[in-house]
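The whole structure should be built from the sequences, with the hints applied where relevant.
Quick note on this note's numbering: the sequence shown kicks off at 3 and runs consecutively.
If you're looking for bench data, these hints aren't it; they were derived computationally from the structure. Each statement offered as a hint is correct.
Here are the computed lysine to any residue pairs in the SDA-like style, where the Cα-Cα straight-line distance is at most 20 Å: (1) LYS217 - TYR179; (2) LYS33 - ASP52; (3) LYS217 - ALA241; (4) LYS233 - VAL173; (5) LYS33 - LEU89.
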Amino acid sequence: MAAVRAPRIPVEERLFSLVLALLATDAGLTKTEVLSTVQGYRQKYVAGGDNAALERQFERDKDDIRELGVPLETVDDPAAAGDNHLLRYRILRGDYELPVDISFSPEETALLTLAGMVWREGTLSAESRRALLKLRSLGGATSVPELAYAPRVRSRDAAFEPLRTALDRGVVVRFDYLKPGEAAPRRREVAPFALVQHQGRWMVSVVEPDTSSRKNFLLSRIVGPVTVTTKTFSRPADATADSALEGLDRLWEQNTATVRAAPHSDARTRLGARRGTVQGDDDVLLVHYSDRQVLAEELTSFGPEVVALAPDDLRDLVASRLRDLAADHPVDAAPSRASAGSGAATSGGAGS
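Here it is, written out as structure tokens:
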């Protein structure tokens, strides 16, 4: 008969169960007691058998919850000092509880829980994981039907996770960044201080250690792996996610493009619905943007539905992209199809 596989317990649930168990005892629990009774371990525990892999998992989990700020203590058995098998583990509730002057209503607890649930495991920041774990283990879990329909946010950029790790550790990273119009990427060594989503795109806000200047890099333009170094840096007090977003919003507010979008077209619907877009006469729209290259890519994707009018450098970028597309997709030389292709090329060219 085939062996029955133990059900897979999510990491977050196992850590939560471990914290709850260690909070519930004043005397503490031995490693054997943890492995044989706590959710996430007991399903794999073999009484009298080989539990070496499970013990290594417990050691990693201890490190993880300590990194999350949980005050996990190790207590020696007075009758057998130094005997690792009799070490006891505990979390003193007084060291872990919220201050007496802080409490949450059921509605506030629901909102905090929802905010934590939005992020899938693996992209949740250390600060958010710490807050969510503490909220749940202190009785913050709440049964709100709407939480079952919580959205899930996850970055698909491969650079996100190593950059988040660097943020948690406060260290410098290195990566290759390919700017539009350049033939090869350039190596960057920067100190990240925020990962933000602006206008639907993920960016990392950084300080350049050599110049102390601040820049934003699109994650989608990072080429290859991100190297997380051990070189630490002192993050300026005003280098925060809020300051990064404020800077991007100012840039977005200052930059405007004038475009003409065909009536009832996809371009008209999408550009017209963007925040801050102003509609003028003759199907002309005034559109805000924070990255000229990104906007040029977007306008090019609409083809003949949109015409870029101003500024001139945006027109040039769109024209260049349309010429590249035309070169990559030559029109058939047959007369009937050449005529149709010429019309499309003329409309697209006007967008430049």
